[in-house]
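Residue numbers (the numbering used here), protein chains in the order written: chain A, 1 to 553; chain B, 554 to 886; chain C, 887 to 1084.
Just so you know, these hints were derived from the structure itself, not from any lab. It is possible that part of the hints are untrue.
[Unchecked claim] Here are a few chain C residues that face chain A, going by a calculated C-beta distance under 10 Å:
hint: 1; residue: R908
hint: 2; residue: F912
hint: 3; residue: T923
hint: 4; residue: I924
hint: 5; residue: A928
hint: 6; residue: V937
hint: 7; residue: G1008
hint: 8; residue: T1010
hint: 9; residue: T1018
hint: 10; residue: F1061
hint: 11; residue: Y1080
hint: 12; residue: I1081
Every residue, glycine too, gets a C-beta built ideally from N, C-alpha and C.
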Amino acid sequence: MASESIAIGRLDAPARQIGEILHDWVTTVDHKKLGLLYIMYAILFLVIGGIEATIMRIQLIVPHNNFVSPQVFNEMFTMHGTTMIFFVAMPIVFGFGNYFVPLMIGARDMAFPRLNAFSFWISAFGGLLLYFSFVGGNGLYGAGNAPDVGWFAYAPLTAKAFSLGHSTDFWTLGLLVSGIGSIGTATNLIATVLCLRCPGMTLGKMPLFAWMNLVMAGLVLLAVSPLTAAQVMLSLDRYLGAHFFDTQAGGSAVLWMHFFWIFGHPEVYVLVIPAFAFVSEIIPVFSRKPIFGYPIMVGATVSIGFLSFLVWAHHMFTVGMNSYANSFFAISTMLVGVPTGIKIFNWIATMWGGKIRFGTPMLFCIAFLLQFLIAGLTGIMLSVAPFDWQLGNSYFVVAHFHYVIVGGILFGLFGAFYYWFPKMSGRMYNDALSKWHFWLFLIGFHLTFDFMHIPGLLGMPRRIYTYEPGRGWDVWNLIVTIGVFFQGAGILIFVGNLLWSSLKGKFAGNDPWDAWTLEWSTASPPPEYNFATLPTVNSRRPLWDIKHPEDPD
Amino acid sequence: MLASLLLSASVGVGAQTNTPLPHMFDPRSTPADGIYRISRFVLSITGIIFVVVVFLLAYATVKFRQRAGDEDEPPQVYGSNQVELAWTVLPVLVVLILFLATARVIHSIQRTAKPAGAIEVVAIGHQFWWEFRYPALGVVTANELHVPVSDPSHPTPTFITLLSADTDHSFWVPQLAGKTDLIPNHPNSTWIDPHEVGLYLGQCAQYCGTQHAKMLLRVDVEPREAFDRWVQDEKKPAQVTDAVSAGRRVFETTACVNCHTITGTVADGRFGPDLTHLMSRATIASGAATNTHANLRSWIKNPDDLKPGSLMPAMQLSDKDIDALTAYLETLR
Amino acid sequence: MSSTSLPSPSAEMQWVLPSRGRVGMFCLIAAETAIFTIFVIAYIFYLGKSVSGPTPKDVLELPIFASICLLSSSLTIHMAVKSLRNAKVGAFGLWWLLTLVLGGIFLGETGREWYHLIYDKGLTISTNLFGTTYYSLVGLHAFHVTVGLLMISVAMLLTVFGKVKPEHHERADVFSLYWHFVDSIWIVVFTVVYIIGR
Ligand code: HEA
Ligand code: HEA
Ligand code: CUA
Ligand SMILES: [Cu+2]
């Protein structure tokens, strides 16, 4: 953000200075700058992925539409899914983790600053590789081609026989490379949380934010690695003629599914746990009460992490597993609802008896609670294996996961943006614009994703570039598409607000929310070394203790 | 918030229209029926949870707003073991109930033994079309599955073995059963026992490539006699009429024969649908178009016009040849 | 305004946290374990599923000598680290060199085995599922040995030029964790490929 303020704001600044600043950002090993880089990179891709979504929705606005060809449509959902998961959601949660974990635990930087920079740049390179497929996918003679195998790229569609050219190779390599970055960042987060806490901050006194990032990083280590392994196998198949997923030589398509979902399921919790982390910091501050049931929140997070490795095959209820396997994965999946429910109840209990202030961050958190609840309940419907035989691979699934990812994670992220924007930029966001953003996005979200459940229930499969009229799907698809434009307008306002406010916003001061964790004790934006002297803490809310010496934690 | 209201509303609307929509809430076969019943159970349980939690959330949001001018901090509460225990145990009980209901349905559908009178079908998924073989009856057809209606007193269910010739597909006719995937190297099976005569629509439900969207599926459920008559017709070799010998010659001298079978001729390819009784089908190209003269002609001229990305190439034939060819195909009853 | 409002660390407070080097290495090992698990699962899953020959029984021989070398190198690296901790740089250099040699022998033996399989038995990665899983699992392990040997060589050079000091024992210790990991993975690979799989 600072780079923009120079480049746009001071046109009279000598050119060399801009070069220097760029050089500074490219070579930085400061966790705050890397965090911002992650975040800016993710927002860029959010807009790209959103444009891809818009293209799909325009194609589906009426049956038998001809806005794009089938091939292009298939490329759009593949690129949209891959981009959103790996180049929006992952970097953005890493960005917040990078920026705030050291600040919240009273450290001066991450444990391995240079590994941190390496991880960011290699992940960024992965994104570039993926998008380079638009140019190099079928070789330049084929004028390029993006991959069109879907974001979970089921075998044998990815085999050379069905997927010519290099588009699938770019997909594989892009994910492989960015996966290495993810493992690096996860290692860094764990080492930071375990080894760099300031004096007095025992594990039990750590902010929930740090706890949840710790669990998230653990999941990344154990979940992204299987994906990396599977991508290596796929590359061996494609480049050296190995047969891991080559069904003609006895290879197994189902093995890929297992490998992918052993990654894929924990991955969705990798994304949602940081959103839990944001909500767990924002709700207490805006309700003016400490988080309800801290120990059980930690316990629930850890058990969600643990359970998430036992449920992967709920994505495979239709591949013909036997009845015992189906039953096992049904109950393990339902059990995840228990710790998740505990969290929802604890957040509501935190609000209970408080004095709630409806700042924009809190608005997003309340919407998060409502939407995440609905999304979780549709997840429970999917976990009922026989019900899933009807719902699986239909728009109901698409609605379920956008409800979690957009209604849950993205809302949580927007809340986090507004909450920490004053800390990151030193300035306050424009409140009216932020409310516009909230309401437009809320309306758009509900128009799009509430109504998307219905064609799903009525039997509309996902990943179809067009559909037959007269199946009862037409009206709903029209409404769904209309919602996208509200979402788009909301996001435009959001990006505009960020840019404008980081230049022209009012100064925010160190602690605009009257909050309690350590990041609010230092300047906004924090100096490079974070804390002039390392703090010492005696409780979970060090700043509360200082502000209320009569009633310390 | 609207979601769950809308869900039930739309389902209601779907059930009331006089041309019933082919969705899972209008089941016509035992597996689909079992699923329908558990789905209602699950929808009501989740509905109750939804109402309770939304009420709590709304109450907290409205009741505990900060009042204007009130700047004091509220009492600091850190937790309560009893309350937390309650909202751990209750969900565990709900999960248990849900699981038992689920396991019952899973087992009742998956562990049904094949009765003696069952019809056996092998369904083979191809990139963008379906092949149906009845090994016991000696019938091969494509895209439109014919089965007899199953009378509960003398059940004649249809057991379907699911195979794939290339990539993954999924067999899904919502009113008859849930979906099951067709995976190369991994034979699967499913079964249906339609109680009512009628046409049931479905489509491929696993992404299989460019034309996944137009890999539609029709199941014709017929009275037993009609089904038996259909089988007899399908078993006959192709009709030979001299009037269309020109078209037949084009067919047999073009690459068509490499990909299509017409019994009684040299054509024995298996890459594309069996055309022996092409005219017995209501649609062509897996439901991409109705089986009319104009569509058939346009299909042979250039398949990409109807179904861009289908694996049948355009043969670059002259208009005259195409006319002859179409005339020939139209005799294949 | 700044952090001065917070109490600063009191001298009497005991505040020890784990070393970040070790934690980082353990994280890396956890991730690597997950990767190897996937390859091992694939190996076991495809046992006996090749549609054509050769089979493991036809072509594989037990690499006993190589295994002994690799496993004993765990002992030598342990001795090396211990020597460094006790400030015996000379002994460190010797043990370290021995580790390098033992690891090198292992790698050489793997190379010989592969040469034999490729040129005498005609088994490549694309021959059948056995070839696919065998070369990728053993190859993945050999790749880790290679990376380890490169790092050992760099440290060896530094030792020769007298750049290694006793205060570096922590780093050597962290690296030895990696090496022990590579060795223990070999026990798994050996069991799976040469005992269960044959
Ligand atoms: C971040 C993302 C995220 C999260 C958190 C979840 C959470 C859950 N998901 Fe979802 N899911 C996805 C992202 C996510 N999912 C994605 C991306 C896909 C599709 C991928 C693809 O195919 O492309 C998917 C697909 C998916 C499927 C496979 C569908 C199919 O393809 O056929 C299933 C099936 O079981 C499922 C179930 C669940 C369940 C049970 C939860 C649970 O964790 C929800 C738990 C929450 C609650 C239950 C609500 C709160 C609880 C209470 C109020 C307590 C009381 C409640 C009870 C006791 C029931 N999900
Ligand atoms: C982080 C994850 C994430 C996010 C945020 C989103 C966000 C959105 N997604 Fe998507 N989605 C996935 C992850 C995600 N998605 C995944 C994993 C799949 C599965 C892919 C697969 O099957 O392989 C999928 C699939 C998917 C499909 C199904 C495709 C199919 O099966 O055929 C659809 C269809 O409607 C869709 C729509 C949308 C929409 C409308 C949004 C919106 O919320 C987007 C809002 C954003 C913008 C609109 C862009 C920003 C604004 C501007 C640039 C301003 C200008 C634009 C306008 C004014 C319109 N997504
Ligand atoms: Cu066949 Cu999708
Ligand atoms: Cu899942």
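Which hint numbers doesn't this structure obey? 7, 10, 11 and 12
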